[in-house]
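In order, the protein sequences belong to chains A and B.
Per the numbering used here, the first sequence starts with residue 1, numbered consecutively.
Per the numbering used here, the second sequence starts with residue 1, numbered consecutively.
These are calculated hints, taken from the structure and not from any lab test.
Mixed in with the good hints, there may be bad ones.
[Claimed, not checked] Straight-line alpha carbon distances no greater than 25 angstroms define the calculated BS3-like cross-link-like pairs of lysine-lysine that follow:
| id | chain 1 | residue 1 | chain 2 | residue 2 |
| --- | --- | --- | --- | --- |
| 1 | B | Lys354 | A | Lys82 |
| 2 | B | Lys456 | A | Lys157 |
| 3 | A | Lys34 | B | Lys209 |
| 4 | B | Lys456 | A | Lys242 |
| 5 | A | Lys142 | B | Lys456 |
| 6 | B | Lys703 | A | Lys242 |
| 7 | A | Lys82 | B | Lys355 |
| 8 | B | Lys700 | A | Lys242 |
| 9 | B | Lys280 | A | Lys34 |
| 10 | A | Lys242 | B | Lys701 |
| 11 | B | Lys709 | B | Lys634 |
| 12 | B | Lys586 | A | Lys242 |
| 13 | B | Lys700 | A | Lys34 |
| 14 | B | Lys634 | A | Lys242 |
| 15 | A | Lys242 | B | Lys646 |
| 16 | B | Lys476 | A | Lys242 |
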Amino acid sequence: MGTSLMEDDGMSINVCILRIEGTNCEQETYDAFKELGAQPEMVHLTELTPETLFDYQCLMVPGGFSSGDYVRAGAIFAARIKSRLFSALKEYVENGYPVGGICNGFQVLVELGFLPRLSGYPEACLATNDSARFECRPTLLKLENHCAFTQKMEIGKIYEIPSAHAEGKFVSPLIEKLMESKQVIFRYCNPQGEYAGYPWNPNGSEYNIAGITNEEGNVFGMMPHPERAFFQYQNQDWTRTKNNGAHGRLFFESVLEYARRL
Amino acid sequence: MEVPILESDAETLKEISDVTGAGLELREMQKIKEYFQERKRNPTDVELQALGQSWSEHCSYKTSMPILKEYLLTIEAPQNMVVVEEDAGVVDFDEDHAYVIAFESHNHPSAIEPYGGAATGIGGILRDVVCMGAQPVALIDPLYFGRLDFADELPKGVKHPKFLFSGVVAGIRDYGNRVGIPTIAGGVFFHDGYLSNCIVNVGCIGIVKKEEIIHSRVGHPGDYFILVGGRTGRDGIHGVTFASAELHENSEHESRSAVQVGDPILKEPLIHACLEANQKTLLTGMKDLGGGGLSCAVGEMAYAAGYGAEVSLDSVPLKEQGMESWEIWVSESQERMMLSVHPDNVDEVTKIFKKWDVPCTVIGKVIPEKVLKITHNGKTILEMELDFLTKSPRYKRAYTVKEVTPVVPDLNLPDNYNNVLLDVLSSPNICSRDWVIRQYDHEVRGSTVIKPLNGKIGYYTHGDAAVVKPLRNSFKGLAITADVNPRWVTIDPYWGAASAVDEVCRNLASVGAVPHSLADCLNFGNPEKPERLGDFVQVAKGLYVVAHTMGISFVSGNVSFYNESHSGAIPPTPTILGVGIVDIRKAVTADLKGEGNKLYQIGEAEREMGGSEYYEIQNVFGNQIPRTDPHTLKLRVSTLLQAISKGFIASCHDISHGGLAVCLCEMALGGDVGVSISVDSPPDVELFSESNSRWVVEVKKGKEKEFEKLFGTEAHKLGEVSGHRIIVDGLIDLSLKEVRNAWEPPLWRMMG
Numbered sequence: 001m002g003t004s005l006m007e008d009d010g011m012s013i014n015v016c017i018l019r020i021e022g023t024n025c026e027q028e029t030y031d032a033f034k035e036l037g038a039q040p041e042m043v044h045l046t047e048l049t050p051e052t053l054f055d056y057q058c059l060m061v062p063g064g065f066s067s068g069d070y071v072r073a074g075a076i077f078a079a080r081i082k083s084r085l086f087s088a089l090k091e092y093v094e095n096g097y098p099v100g101g102i103c104n105g106f107q108v109l110v111e112l113g114f115l116p117r118l119s120g121y122p123e124a125c126l127a128t129n130d131s132a133r134f135e136c137r138p139t140l141l142k143l144e145n146h147c148a149f150t151q152k153m154e155i156g157k158i159y160e161i162p163s164a165h166a167e168g169k170f171v172s173p174l175i176e177k178l179m180e181s182k183q184v185i186f187r188y189c190n191p192q193g194e195y196a197g198y199p200w201n202p203n204g205s206e207y208n209i210a211g212i213t214n215e216e217g218n219v220f221g222m223m224p225h226p227e228r229a230f231f232q233y234q235n236q237d238w239t240r241t242k243n244n245g246a247h248g249r250l251f252f253e254s255v256l257e258y259a260r261r262l
Numbered sequence: 001m002e003v004p005i006l007e008s009d010a011e012t013l014k015e016i017s018d019v020t021g022a023g024l025e026l027r028e029m030q031k032i033k034e035y036f037q038e039r040k041r042n043p044t045d046v047e048l049q050a051l052g053q054s055w056s057e058h059c060s061y062k063t064s065m066p067i068l069k070e071y072l073l074t075i076e077a078p079q080n081m082v083v084v085e086e087d088a089g090v091v092d093f094d095e096d097h098a099y100v101i102a103f104e105s106h107n108h109p110s111a112i113e114p115y116g117g118a119a120t121g122i123g124g125i126l127r128d129v130v131c132m133g134a135q136p137v138a139l140i141d142p143l144y145f146g147r148l149d150f151a152d153e154l155p156k157g158v159k160h161p162k163f164l165f166s167g168v169v170a171g172i173r174d175y176g177n178r179v180g181i182p183t184i185a186g187g188v189f190f191h192d193g194y195l196s197n198c199i200v201n202v203g204c205i206g207i208v209k210k211e212e213i214i215h216s217r218v219g220h221p222g223d224y225f226i227l228v229g230g231r232t233g234r235d236g237i238h239g240v241t242f243a244s245a246e247l248h249e250n251s252e253h254e255s256r257s258a259v260q261v262g263d264p265i266l267k268e269p270l271i272h273a274c275l276e277a278n279q280k281t282l283l284t285g286m287k288d289l290g291g292g293g294l295s296c297a298v299g300e301m302a303y304a305a306g307y308g309a310e311v312s313l314d315s316v317p318l319k320e321q322g323m324e325s326w327e328i329w330v331s332e333s334q335e336r337m338m339l340s341v342h343p344d345n346v347d348e349v350t351k352i353f354k355k356w357d358v359p360c361t362v363i364g365k366v367i368p369e370k371v372l373k374i375t376h377n378g379k380t381i382l383e384m385e386l387d388f389l390t391k392s393p394r395y396k397r398a399y400t401v402k403e404v405t406p407v408v409p410d411l412n413l414p415d416n417y418n419n420v421l422l423d424v425l426s427s428p429n430i431c432s433r434d435w436v437i438r439q440y441d442h443e444v445r446g447s448t449v450i451k452p453l454n455g456k457i458g459y460y461t462h463g464d465a466a467v468v469k470p471l472r473n474s475f476k477g478l479a480i481t482a483d484v485n486p487r488w489v490t491i492d493p494y495w496g497a498a499s500a501v502d503e504v505c506r507n508l509a510s511v512g513a514v515p516h517s518l519a520d521c522l523n524f525g526n527p528e529k530p531e532r533l534g535d536f537v538q539v540a541k542g543l544y545v546v547a548h549t550m551g552i553s554f555v556s557g558n559v560s561f562y563n564e565s566h567s568g569a570i571p572p573t574p575t576i577l578g579v580g581i582v583d584i585r586k587a588v589t590a591d592l593k594g595e596g597n598k599l600y601q602i603g604e605a606e607r608e609m610g611g612s613e614y615y616e617i618q619n620v621f622g623n624q625i626p627r628t629d630p631h632t633l634k635l636r637v638s639t640l641l642q643a644i645s646k647g648f649i650a651s652c653h654d655i656s657h658g659g660l661a662v663c664l665c666e667m668a669l670g671g672d673v674g675v676s677i678s679v680d681s682p683p684d685v686e687l688f689s690e691s692n693s694r695w696v697v698e699v700k701k702g703k704e705k706e707f708e709k710l711f712g713t714e715a716h717k718l719g720e721v722s723g724h725r726i727i728v729d730g731l732i733d734l735s736l737k738e739v740r741n742a743w744e745p746p747l748w749r750m751m752g
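Just chain A, same shape as in the assembly (with noise of 0.2 angstroms):
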């Protein structure tokens, strides 16, 4: 730890890490754009305004549970950033902005209509999980296509990062159509790699979907925490494997390698 790399030059990315009451995984998101050298700022919705947006150059929208999720998950928070700013994020991500949603954060960006496409309207769900409880495990990912915070990742590889949720069972009518166009990102497997069942699906998604794309590749939503994975320290099984590295650093470095070529 102790010294950030500064991988840019001099140039440093803004990241707008958007909470209202309920998000509890902002900190250690903001903790991981901070230690690459990123500007972090955790901004409370009613802060943001569809001109400030602009001034960041990478929206997150972090793990928790945004106003209880009493309805369904994500859908309070969708619903208040609709009648905010849908606009001027609808221009955003058309601008090619990088816009990722970790857990509750995917569930926000289906509920608000940009994921799987800007459509505005939800077009598909993050169902309750097949076992009908929160489950937090370990799970593994299989990268099957880039997008925006992929870049650093090998296609084909396994990556460790853990799942923390209720309701993370991927369901879409488009789902045929997200495989078929390579919006699939990241998929669950076991560690032979295989689409293996529950547990290491610990949802019940099909085709074991853990994150899916937009179809330009720069709005992203998984349900794992790649924030929980930032260190090998936080990996499960560290005591016994050392040289895993931390495998959700890399969807940050990802990311901010994307958003500073824009």
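Let chain A serve as the given structure and place chain B on it in line with the hints.
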């Protein structure tokens, strides 16, 4: 409203206390009568209720404190910063930081309404940590229920353990996960004695910059009292007096309103806002509104600083109209905190809470006289000296100490050890807890570096202690565990309590952590019964003897009496929470790492198997429970820590419930690799005794000689890590699959 006590006789006084729900004893009512006789007036209903809150056992520790002060609280340790006198203990962490511990029971509410009771328990313990200015980093939940397969007729008014267990776990899950603090340790214990009174203990650890530690006392006269957070309602009326009496069959009907309603999504921004205001040094004091509500918070904050308070209830934001003055004053509605703020800073504090959309209201101010004065609708409804209100009576009640006459059952050696081991592994108190653990988000905040479940990806076993790394730029970690074996404490309170501290120290040392501080949650029956109080005294002595030698103090704690109903008292349950300090890079887990590594046992098994899982399975009774020699424990802990720090140890697990055999199975399951060992005679003692101060360690190849030299006769070789079977020479031969099938599914089968 005036309460006519001046003209009342003894009988009427008691009746008044009962009818109003103030929960005061006759001698207390008489003392109150004398006080108001001097003032030549009757008390108001608000005054009587405030006294009921303040003098309740729950708030005042009137029975327990003299005993605790004699034994438990005499231990001093250089790392202690704040011990017992506030809502949470504060202990030195590094040059700039301290950690904060709070530990409490939420038993009575959970027995009536398990989901809400447990959830608000989490809410309350978070506030206890936040009100020291600390960021919560971990939650701990030891739980105790009746047997899940209880099939007889339930006592009247009692809910089935299965219902209570699933409700409590759901309450902790939904509150803890939503508020974003990881639940990383705890335990579940099943015993018939908890049938009518389940026990729900909740602990929280926080981290704070030393310069940001704030106290539960006001600054100076003229400071404003600002009430922040949730609105005040009729939920949680008489929570503390409810918790200071036995449960009975009509408790639900009469006391449902004593259980509060939790709202984690108000708590989450409340925590942010309180910590932000504190970091900006805008506060002079902060206290949570828990038991006793406004009544306890305002009085205690002012009294602790040697001042008084003037409060108006007119501006308190309410959930409903038409609440009586006394209801507002004693309501324990959740998600509320009390701040004391210098007048110059009120605007800025208000601004912060507005940003977070959290209600924030000035309700009164600090006055120099040690008097509490409350007004409502233009009338003075309470005016009392704080010396009288806050200083509750102290009692030395009679107690009797239990005589333990030794019983050693006559038991033949088993003819099939495989079956005995499988039975022990699948017993409800041994089997896998993953059904519970995975429902809790134990990784939120990204700082849980040793998780409650250890092992190779796809496999798991129970860890000994979980470890969080609370600071981004430091490898210093906090190891956390909570333990007690209530069966032992029931048989022999002194050695049962001593064993609980032994187990805590063992678990901390297992991961490589130096035991550093303790907190206690002492759950007992009715202390007005001499034999219950006798147990309590013995427990206090037993806890002291081990903690004292280990050089660690009880920095925080809680006593919960009256866990008793018409069908009896709970087993005396002193849950001990332990915190240790560890360099996380050197931490060790319980899962076996590599074939060919040698296995050693530290310590020896004794025939002291009373209360053991082995006797339970064999259905025999014995009362020789394990004893402990604290000096031996201390020596072994420090030697083990040396071995870990030198990098000799690949894995380590303490020997506890189920003995050596279970310990080895758990280690093997986590690493998905077998063991081959041999044991001396008598084999039942060697395999299943639960003697204290013992561990199994897996020593890295090439480090055996150094390890043996370090430990001398304190450790002996058992065998090695090998294959995919659990083999104990000539006694046990089971595949990992058979072992896993016994250990993993029982809770899932019962709970679905």
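ask   = Any of the earlier hints contradicted here, and which numbers?
value = Of the numbered hints given earlier, those the structure breaks are 13 and 14, listed in rising order.
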